[in-house]
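A.B. asks: As you go down the protein sequences, you meet chains A and B in turn. Using the UniProt record's numbering, you'd call the opening residue of the first sequence number 1 and step up by one each time. Using the UniProt record's numbering, you'd call the opening residue of the second sequence number 1 and step up by one each time.
Check before you lean on any hint, since a few could be wrong.
Claimed, not checked - Chain B residues, not near chain A, derived (Cβ > 12 Å throughout):
1. His80
2. Ala313
3. Glu437
Said to hold, decoys possible - As a list, the in silico BS3-like pairs of lysine-lysine whose alpha-carbon atoms are at most 27 Å apart:
4. B/Lys175 x A/Lys51
5. A/Lys59 x B/Lys77
6. B/Lys186 x B/Lys72
7. B/Lys175 x B/Lys77
8. B/Lys124 x A/Lys62
9. B/Lys124 x B/Lys186
10. A/Lys52 x B/Lys175
Just so you know, these hints were derived from the structure itself, not from any lab. Every residue gets a Cβ at the ideal spot worked out from N, C-alpha and C, and that includes glycine.
In case you want the letters, here they are:
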Amino acid sequence: MSDRPVEEMSFEEAIRELETVVGKLERGDVALDDSIALYERGAALKARCEKKLAEAEEKVAKITQGPDGQAQGTAPLDG
Amino acid sequence: MDLFEDDTPGTGANAHEFTVSEISGAVKKTIESEFGYVRVRGEVGRVTVARTGHMYFDLKDDRAVLSAVSWKGQVAKLAHRPEEGMEVIATGRMTTFGPQSRYQLNVEEVVPAGAGALMAMLEKRRQALAAEGLFDEGRKRPIPFLPEIIGVVTSPTGAVIRDILHRLRDRFPRKVLVWPVAVQGKGSAEQVAAAIRGFNALTPGGALPRPDLLIVARGGGSIEDLWGFNEEIVVRAAAESRIPLISAVGHETDTTLIDHAADRRAPTPTAAAEMAVPVRAELLADLAQLGARMAQSQRGGLDRRAERLRDLARALPRPEALLASPAQRLDSLDTRLPGALRAAIAKKRIELSDHPLRPGLAARAVERARDRLAGSTARLPGAHRAGLSQKRLRLEGLRLRPAALQTALRQERRNLDRLAERLRPDLVTTRIDRQRERLDALERLRGTLGYEATLARGYAVVRAEGALVTDAATAREAKLLEVQFADGRVEAVPTGGGAGPATPAKPKKQKKQETAAPPEQGTLL
Chain A
1 MSDRPVEEMS FEEAIRELET VVGKLERGDV ALDDSIALYE RGAALKARCE KKLAEAEEKV
61 AKITQGPDGQ AQGTAPLDG
Chain B
1 MDLFEDDTPG TGANAHEFTV SEISGAVKKT IESEFGYVRV RGEVGRVTVA RTGHMYFDLK
61 DDRAVLSAVS WKGQVAKLAH RPEEGMEVIA TGRMTTFGPQ SRYQLNVEEV VPAGAGALMA
121 MLEKRRQALA AEGLFDEGRK RPIPFLPEII GVVTSPTGAV IRDILHRLRD RFPRKVLVWP
181 VAVQGKGSAE QVAAAIRGFN ALTPGGALPR PDLLIVARGG GSIEDLWGFN EEIVVRAAAE
241 SRIPLISAVG HETDTTLIDH AADRRAPTPT AAAEMAVPVR AELLADLAQL GARMAQSQRG
301 GLDRRAERLR DLARALPRPE ALLASPAQRL DSLDTRLPGA LRAAIAKKRI ELSDHPLRPG
361 LAARAVERAR DRLAGSTARL PGAHRAGLSQ KRLRLEGLRL RPAALQTALR QERRNLDRLA
421 ERLRPDLVTT RIDRQRERLD ALERLRGTLG YEATLARGYA VVRAEGALVT DAATAREAKL
481 LEVQFADGRV EAVPTGGGAG PATPAKPKKQ KKQETAAPPE QGTLL
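Turn these sequences into a full structure, and let the hints guide you.
C.D. replies: Structure representation (structure tokens):
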């Protein structure tokens, strides 16, 4: 179990750790107290993943360039 | 002058007389009107770009060379820059350069001649860039699993961006930043490279957030259409990109150099979108499944523990049962105890009656001890004597013995006898004999060296009054001569005669005789 706060994890990190947690719980070789802590961590990880998945928001913009050719801002993409 | 006019008759009189500039201008006009638009195929020779930006190069085949020039503005628009050794078709117009009496082709467009030439050039460029390590596997970065922001470098209009957005929306809607570029034609390579660099220049989380994944995309087309993605500037920008980059240029069968430098190559823009994001629905399902498995295993774990507890509790025995068996054992032993004691006493009594205590047993032991004492007492004096005689023997061994001295004496005497034997007279006499022999030998040598030996060979020695006579003059004056032969001496009286040359030497002879003494030595030595 990593000590990294769940809130800072990317989706991939969170789901990878969640898989590890589930695997450990399924093997059933964890002490009862540890299994409860593990379960709580798993629940937090799952919540984190769900939050990242809920952030599925499409936002499309077009870069506008300044006179120096660098990105200046965005504009809607008209497709 | 007259003479010259005579020499150029007829024709000269009527022909127009050009100045150099006039004829040069006329030639220019003729050439430019006649060859205002030509396509020339040839191999590119040496290429030089002047500081002004104009490009000068040669076009050649096996028999002729044509000077070619592209002005700075034209160079910028060239789709392909001529490179030495390249087979090209150059398009432009013929013109002249009056100051040097030259004609040249002003090139506006250069196209590699034929697909083979283009592919050869592409391969050459690919090898050069690969040699720099731009395509190394070690440079490739992993594509993020779920990028937050995706930067897309492509044309803002057209099917490609729509395909990508569509597929992203299907799988996992994301924030997308499109950097609009021309994906074909002049300047497209520069724009694509600038876009890749521009995205990299953004700061993560800034007002204009930096994407964590880039897609460079273009739809299918001819090799010429896709050519911009083979340009070195694009390849380098892709290789240098710190943001992971997926290239999706053309269709599946088209490969451009940016594909080698990209971290992933997608066969199509749609495929690039698939590589970019996972499918959200699948992830949700996975997540739900993981959650279910976790809850189930946790519940299972608790159930298993509870069941085990119940089993163990069931297996715990009742307190009465724990004591029943020992109590019974105690009862049994209690009843057996008195009988056992009685039986043990009876058994001991029988044993005692089998082995009664008798005085004879003790007496035998005393007798045995007495015997041993008597034996030892009897052996005591003998043992003492034996010890004494042993000591005496050792003493005798140490005593002084005359026999040994006599032996030593005898030995010394023998040594003396031996030495006496070796002391013999011949030890001395032998040496005397040897010296005598040596003396004899020396005497013999002396004899041979002495005059006596010559006497034996017929010579004689003449003396007068004991002195040696060595010449006739002396002999004549002597009264008596003594002649010595080997075997003896004879006296002789000289009779004179034969006055030789000795006569005038008379006084001299006297002197000689004096100097000749002692005579023996005088003649011999």
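A.B. asks: Now tell me, hint by hint, if it's right for this structure.
C.D. replies: Verification of the hints:
1. His80: Consistent with the label, B/His80 stays out of reach of chain A, its closest Cβ about 24 Å off (over 12 Å).
2. Ala313: holds, 17 Å
3. Glu437: At roughly 125 Å from the nearest Cβ of chain A, B/Glu437 sits farther out than 12 Å, so the non-interface label holds.
4. B/Lys175 x A/Lys51: Holds, because 16 Å separates the two Cα atoms, which is no more than 27 Å.
5. A/Lys59 x B/Lys77: violated, 36 Å
6. B/Lys186 x B/Lys72: holds, 15 Å
7. B/Lys175 x B/Lys77: Cα-Cα ~36 Å, so violated.
8. B/Lys124 x A/Lys62: With a Cα-Cα distance of about 36 Å, the restraint between B/Lys124 and A/Lys62 is violated, given a limit of 27 Å.
9. B/Lys124 x B/Lys186: Given pair B/Lys124, B/Lys186 holds - Cα atoms ~22 Å apart, limit 27 Å.
10. A/Lys52 x B/Lys175: holds, 13 Å
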